[in-house]
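Trainee: Chain by chain, the residues run as shown.
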Amino acid sequence: MLSPVSILGVGCVTAVGSDVGEIWQRMEAGERPKVGEIANPFGGEAAPIYRVPVPHDAGSGFPRLRRSSNISYFALAAAQAAVAQAGELDADRTALVFAASDGAVVYTRLFYAEMLRSGTGSPLLFPETVYNAASSHVAAYFGLDQPALTMIGDATAGTDALLTAAALLHDGGIDRCLVVAAEEADWLLCDAYRRWGLVSRGAAILSEGAAAILLGRAHAGPLRIEHQHRGASAHGKNPLRAALRGVVSDLCKEGPPDLAILSGAGTRIARIEQSVLRDLAPQALQVAPKHVVGEAFAASTLLQVIIAGRAITAGHASRVIVPVVGWSGQIGGVVLAKNETHGVQA
Amino acid sequence: MKEVAAITGIGCISPLGVGCPQTDKALRAGYDGISPVSLFPTSAFQATTAGHVPYEFLDLAAQALPASRDWTRAAQMVLLAMLEAVEEGFVPEIVIVATTSGGMDFGQKFYRGLQHGQMSTKQARRWTRGYVPHQPVLDVMEVLGWTAPVRTVSNACASGTNALGLAAGIIARGEAKRVLVVGFDALCEMVFAGFDSLRAATREKCRPFDCDRTGLVLGEAAAVFCLEALSSARHTRVVGTIPGYGFANDNHHLTQPEPGGTGPRLSMQRALASAGWMTVDYINAHGTGTAFNDASEAAAIGALLPHVPVSSTKGMTGHTLGAAGAIEAAFCLLAMRGAYLPPNINLRESDSGLDIVANTARSLATHRMMSNSFGFGGANASILLENFVRQC
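Heads up: the protein sequence lines correspond to chains A and B, in order. Residue 1 is where the first sequence starts when you use the numbering used here, and the numbers rise one by one after that. Residue 1 is where the second sequence starts when you use the numbering used here, and the numbers rise one by one after that.
Simulated from the structure, these hints should not be mistaken for lab results. From a predicted model like this one, the values you see are computed outputs, not experimental measurements. Treat the hints with care, since some could be wrong.
Using 27 angstroms as the maximum straight-line C-alpha spacing, the simulated DSSO-like pairs for lysine-lysine come out as follows [to be verified]:
id	chain 1	residue 1	chain 2	residue 2
1	A	Lys-237	A	Lys-338
2	A	Lys-237	B	Lys-25
3	A	Lys-237	B	Lys-122
4	A	Lys-253	A	Lys-237
5	B	Lys-25	A	Lys-253
6	B	Lys-177	B	Lys-2
7	B	Lys-177	B	Lys-25
8	B	Lys-109	B	Lys-122
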């Protein structure tokens with residue numbers, strides 16, 4: 001079975017900045033960023049969005065990022081912050097797991113639109129449309145030759161990435177694994193998710209950005225991901241509430257959490273999530289960061305984990321559950337706690 | 001002791017056939033599954049051919065499950081491969097999916113619907129939901145009532161091999177006793193245009209390792225594997241094992257391999273080391289037929305395993321992208337069971353310096369094979385497959 005892993009450094013790029021402490025304060029104050037609008041050029045309703053300034057300086061002096069889409073800049077900026085917080089990175093002993101739900105949607109749209117217009121698309125755009133392009137840029141920036149994997153899907157791509165990282169650490173050959181999740185927003189996505197009912201002005205607002213966590217072995221850092229659930233699928237024959245109950249119940253087995261960092265905000269799924277947590281972890285205070293930072297799917301999942309870690313290190317909680325419910329019925333979750341074995345030789 | 005991943009079920013569909021028996025026959029015969037593209041217009045492109053899964057194969061999906069008549073090609077392929085692989089009683093605890101283009105077909109429909117202002121709410125929801133990359137697998141899982149979590153790896157053309165390696169690792173660590181692996185990709189216009197724009201696709205035959213190779217031809221396929229812990233698997237069902245897996249990242253370029261083959265060599269070395277093997281009996285090469293890929297791979301194989309027979313099956317199927325690692329692992333298992341090496345068709349003269357299994361299958365009893373998959377982003381993966389000999 002997978003051993004617990006410790007968190008050595010974190011970084012994020014969100015609609016309310018990159019300082020996790022500030023994000024926490026904004027959540028406490030219920031202070032939301034200014035809602036922007038993004039228009040569909042073919043007409044129709046404009047969609048609300050929490051836009052994130054693109055950190056172009058993240059790639060300064062790194063030629064591979066010259067032509068890349070925003071998602072790669074978000075990913076690299078978050079990864080740089082996580083590595084900086086950890087203080088060091090041994091490129092020969094570090095793997096990378098990247099997660100995304102929608103990937104480089106801007107370049108994908110541009111390439112397809114150009115193809116429809118002129119019969120063929122730009123060779124400069126197409127390579128950046130593949131899901132693992134951002135991962136490749138981040139790996140190249142840090143000079144990693146160990147595995148660099150990309151997990152995709154709904155928001156649980158973030159927890160899948162954490163599971164994969166723990167597996168790579170377990171198997172040996174590496175001492176660190178950099179987990180990065182990123183998303184970029186586009187009017188096409190806004191339109192699609194609005195029509196699907198996943199985002200709206202009254203509920204979660206689409207956003208973008210990235211989050212990164214540098215993981216090490218169980219004893220390496222003061223904070224650890226104690227339990228990672230392997231997840232479940234909900235569908236017509238396995239309703240969401242029952243599937244989520246199974247996952248949350250497993251995650252609570254080793255001790256009751258005193259805080260829950262929720263994955264939902266304002267949607268039907270969020271109401272189910274709140275209700276299941278109220279039922280199975282009644283003592284846990286519930287916090288829904290997406291009201292403040294918006295919905296950025298896989299990136300939001302890692303941000304949930306980062307916020308959970310912040311809550312522990314700031315003394316707000318001692319054991320935090322992070323449930324994740326994705327839009328395709330995938331469910332995952334982790335539990336974070338203070339690492340009582342930090343510094344103990346394995 | 002580390003648990004070994006046993007393969008207890010295989011399902012496959014590709015231009016070579018639907019189901020293992022038909023695929024095996026075509027693979028051994030060196031069948032050329034490439035034909036003119038009929039799914040979308042190609043007049044603006046350099047390339048005009050691809051490895052299609054014939055419509056009559058996909059009709060079998062609707063016969064097996066009438067509701068699948070409205071599913072995408074990808075979902076129909078996944079359904080047929082899953083129904084073949086999964087025998088009664090196999091319920092996975094985890095599902096690992098490999099794909100690169102996922103539900104791109106729906107993404108294209110959604111965009112065109114917006115552009116032309118012709119999209120009902122129902123269509124919009126269906127197309128948006130269908131864009132979920134692993135939706136074809138979820139559709140079949142719902143039919144079967146499975147509740148296992150689905151993890152989707154999208155590491156460009158190495159995805160299928162990565163998925164098998166990740167699944168074997170899950171078994172080895174004892175995280176689960178039954179894992180399903182699904183690799184799939186269906187032809188779609190945007191991806192076709194993409195490879196065409198890079199001038200990586202050819203309008204000629206795909207000739208891996210040939211001196212005059214001019215590029216790749218795209219294809220489509222799905223392959224499904226049931227993996228179980230060997231210690232608890234019913235041995236009558238075991239068709240092979242996965243003793244090793246290697247992965248290496250090279251940072252040379254987003255689309256071009258490092259000419260010396262550093263990444264491929266490292267992934268093969270890591271695979272061999274993970275199993276404690278020194279060599280294999282055969283290598284199913286990534287062998288796309290592009291000048292750069294084949295040269296880089298040949299350099300890596302030549303440096304590490306210079307005398308091992310090698311072939312690329314992409315001349316027969318086309319490059320099936322996220323499915324390639326999965327379908328080619330299935331080819332290896334079929335070839336080991338049939339005691340032959342699959343041919344590298346369309347070869348006239350090789351510049352690789354390798355022992356290429358040229359044009360016709362070679363009869364040879366083998367027990368240990370390696371399959372390589374290399375992708376954009378510097379993703380290099382190698383998987384080891386071993387024939388399972390039943391103890392009497």
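Trainee: Next step is simple, just say for each hint if it's right about the structure.
Mentor: The hints, checked one at a time:
| no. | hint | verdict |
| --- | --- | --- |
| 1 | A:Lys-237 - A:Lys-338 | violated, 38 angstroms |
| 2 | A:Lys-237 - B:Lys-25 | violated, 39 angstroms |
| 3 | A:Lys-237 - B:Lys-122 | holds, 22 angstroms |
| 4 | A:Lys-253 - A:Lys-237 | holds, 25 angstroms |
| 5 | B:Lys-25 - A:Lys-253 | violated, 52 angstroms |
| 6 | B:Lys-177 - B:Lys-2 | holds, 13 angstroms |
| 7 | B:Lys-177 - B:Lys-25 | violated, 32 angstroms |
| 8 | B:Lys-109 - B:Lys-122 | holds, 13 angstroms |
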